[in-house]
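**Student:** Next come the chains, spelled out residue by residue.
2 protein chains.
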Amino acid sequence: MGFIEMTINFSVESRSSDSPARTGTLELENGMFETPIFMPVGTRATVKSLSPEELKKCGTGILLANTYHLYLRPGADVVAEAGGLHEFMNWSRPILTDSGGFQVFSLSDMNEVTEDGVQFQSHLDGSKHFITPEKSVEIQKKLGADIIMAFDECVSYPADREYVEKSLNRTLRWAERSLKAAEDLQDHQHIFGIVQGGTYPDLRKKSARRTRKLDFPGYAIGGLSVGEENKLMYQMLDVTVPELPSKKPRYLMGVGTPRDLIEGVKRGVDMFDCVLPTRLARHGSLYTSRGRINITNAAFKKDFNPPDKDCSCYVCRNYSSAYLRHLIKRNELYGLRLASYHNLYFFLDLMRKLRYNIRRDTLDDFVESFYSGWAEE
Amino acid sequence: MGFIEMTINFSVESRSSDSPARTGTLELENGMFETPIFMPVGTRATVKSLSPEELKKCGTGILLANTYHLYLRPGADVVAEAGGLHEFMNWSRPILTDSGGFQVFSLSDMNEVTEDGVQFQSHLDGSKHFITPEKSVEIQKKLGADIIMAFDECVSYPADREYVEKSLNRTLRWAERSLKAAEDLQDHQHIFGIVQGGTYPDLRKKSARRTRKLDFPGYAIGGLSVGEENKLMYQMLDVTVPELPSKKPRYLMGVGTPRDLIEGVKRGVDMFDCVLPTRLARHGSLYTSRGRINITNAAFKKDFNPPDKDCSCYVCRNYSSAYLRHLIKRNELYGLRLASYHNLYFFLDLMRKLRYNIRRDTLDDFVESFYSGWAEE
Chain A
1 MGFIEMTINF SVESRSSDSP ARTGTLELEN GMFETPIFMP VGTRATVKSL
51 SPEELKKCGT GILLANTYHL YLRPGADVVA EAGGLHEFMN WSRPILTDSG
101 GFQVFSLSDM NEVTEDGVQF QSHLDGSKHF ITPEKSVEIQ KKLGADIIMA
151 FDECVSYPAD REYVEKSLNR TLRWAERSLK AAEDLQDHQH IFGIVQGGTY
201 PDLRKKSARR TRKLDFPGYA IGGLSVGEEN KLMYQMLDVT VPELPSKKPR
251 YLMGVGTPRD LIEGVKRGVD MFDCVLPTRL ARHGSLYTSR GRINITNAAF
301 KKDFNPPDKD CSCYVCRNYS SAYLRHLIKR NELYGLRLAS YHNLYFFLDL
351 MRKLRYNIRR DTLDDFVESF YSGWAEE
Chain B
1 MGFIEMTINF SVESRSSDSP ARTGTLELEN GMFETPIFMP VGTRATVKSL
51 SPEELKKCGT GILLANTYHL YLRPGADVVA EAGGLHEFMN WSRPILTDSG
101 GFQVFSLSDM NEVTEDGVQF QSHLDGSKHF ITPEKSVEIQ KKLGADIIMA
151 FDECVSYPAD REYVEKSLNR TLRWAERSLK AAEDLQDHQH IFGIVQGGTY
201 PDLRKKSARR TRKLDFPGYA IGGLSVGEEN KLMYQMLDVT VPELPSKKPR
251 YLMGVGTPRD LIEGVKRGVD MFDCVLPTRL ARHGSLYTSR GRINITNAAF
301 KKDFNPPDKD CSCYVCRNYS SAYLRHLIKR NELYGLRLAS YHNLYFFLDL
351 MRKLRYNIRR DTLDDFVESF YSGWAEE
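Chains A and B, in that order, give the protein sequences.
If you read the first sequence in the UniProt record's numbering, its first letter stands for residue 1, the second for the next number, and so on.
If you read the second sequence in the UniProt record's numbering, its first letter stands for residue 1, the second for the next number, and so on.
Here chain A stands alone, though its shape is the one from the complex:
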């Protein structure tokens, strides 16, 4: 493949008059979706407890799967022989895979970073692996996602400036190598570059400018929501987003809470992913229009109302807080499933509302009304 296929079919359709917020459409070979969008996380080729039909009912336009986990189990070859991730997991709409970098740095043991790549030990069985940008792209090619990510180093927080700068320079060289390796992708695949730079505004800008020069079809902002304060993350978005091309999709990796999504959208982000809604659900923490509640609280023992009276999801239409409390306190699988469904619905519904209000140019009003009476953190 050559230059032309490095483009992506993304169009910006409306812009907020008070902020860089915007709506758009990303059209991929396996389907199109409107942005800003939230991508549910299907770590091991499954969004925990939920069926493809349910994910679609929630409004999932694209989901994310983790290269690191799938590379270890069941292995990229198994997925490739199954016909790729879509076939393997029975998901027909678009999929995005991360590069594996984040997990290599956060989950595995004894990783060693060299110019060539990263050596690490599997968190499952201690086996040794060496991942390079080329290897990451090759694995992602086998997995067959619609959007794949360049291999990067995700620096933990806090990190000193010298290390962050050294790391981002290496990540830039890895981005170039990833892009070169991606010349050989499957026809339906596209690769995004990743901006790093820790919490240093000038390094973020530098990383964004130099990554942009490589002319990826889309850009991710990585290394945020790794422990820094929310304000710092929003500041980094403020300096990074303006450096990215306005006509290409922007993806804030691993973020976040409803507040983070709103603040990201206001700063011009188009795509998000996070395990938060499903992970919290499994601990009985449910998002509602009045904030986050813990359904296992004694207060819900005889509460026969739905968890959120303002929610029209399957769970809130059919079940009471008392029933959910009963199930989740006993760790019943169906309770984990209902809570996961509800939280994903909440996140995807929030994105729908954000898109609607950007189009009507009423984003500020909507956000103000959303935050009123909201008690999450």
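It is worth saying that the hints were derived from the structure and are not from the lab.
Note that the coordinates shown come from a computational prediction; the quantities given were computed from them, not determined experimentally.
Be careful, since some hints might not be right.
Note that the list lumps identical chains together, so a pair holds whenever it fits in one copy or between two copies.
As the list claims (entries may be wrong) - Keeping only pairs whose Cα atoms sit at most 25 Å apart, straight-line, the calculated SDA-like set for lysine to any residue is:
# : residue 1 : residue 2
1 : LYS128    : GLY75
2 : LYS301    : GLU138
3 : LYS353    : ARG212
4 : LYS206    : GLY291
5 : LYS329    : ARG282
6 : LYS206    : ASP365
Knowing the structure of chain A, use the given hints to seat chain B on it.
**Tutor:** For chain B alone, coordinates are given in the frame of chain A:
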């Protein structure tokens, strides 16, 4: 309520010419179903991992919930205030609750049996409880199932004759007390009596005859599949079933494997329940037309066929053995769910086929063909 409401709307519709096997229809206020039927077990007001819609798609006509578990958590009052089990768990079709007797004897600590009832300690928190026949009926009235069970003692196996006889006599007195307490049931509720007698043919006969005299709307055969050999269980059915009224439903409690279902049906049993399909599913053990397989075996790593090519369930139509193996090896919730669905479908489909072949009077041929190539035990 008086005598007339102790009847039940059950009609036998066809009989096998070679065996006591029969089909029928049981019509309850919350729905009707054909017999012989298998009841999925929803221990804590949930059939583990599955939705009501999925249970219906599998062909579930009635499900079972456990009085002991629900009495302890969330408590019968919570369920009653929710509007009963149907409302609480969003299940509109019929429900059967057991009496709690089996769990009191098998799960709880330090139970002491007296003429009045059973004292036991909760397996959850050690709290002390005393259950009598009257209390069991009262709890079941609150839970609001369509069919409730008389309180009985389920004797473990092996048990000496003297104890079994003493116990069955007490169970008969408890049956009388249960029946009296049941005069006050909700309009849609019916109570079944339970035959005990261990593995002693004459005691089984005695228990059946004397329970029958009490004129319950239906009869269960309890205390089987508790450790005895299959043959012994089948012998007990051979002597017990003929003692029960031919016009009333017969329910074999807590049974069993596909083979047990077939052998029970051949002996004139109309209803079954068992945790086996869902429990085994969660360990990766799947029923197929060629027998039971363990999907986590290495042989399935790259097997991209469905678990059972002859099965037309949702799982077999959409997923490969390789994917199920991947999910279940990682204990993924969606894997437990798919396996549970598949196994329940298998059991309910087997019952459909048994009914079909009884009606056509081709039961023996069907059973022979089912067993050929079947490798379960």
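**Student:** Against each hint, give a clear statement of whether it holds in the structure.
**Tutor:** Against the structure, the hints come out as follows:
no.	hint	verdict
1	LYS128 - GLY75	within (14 Å within a copy, 51 Å between copies)
2	LYS301 - GLU138	between (51 Å within a copy, 21 Å between copies)
3	LYS353 - ARG212	neither (30 Å within a copy, 64 Å between copies)
4	LYS206 - GLY291	neither (37 Å within a copy, 62 Å between copies)
5	LYS329 - ARG282	both (10 Å within a copy, 20 Å between copies)
6	LYS206 - ASP365	neither (34 Å within a copy, 77 Å between copies)
Checked against the numbered hints above, the structure violates hints 3, 4, 6; every other hint is satisfied.
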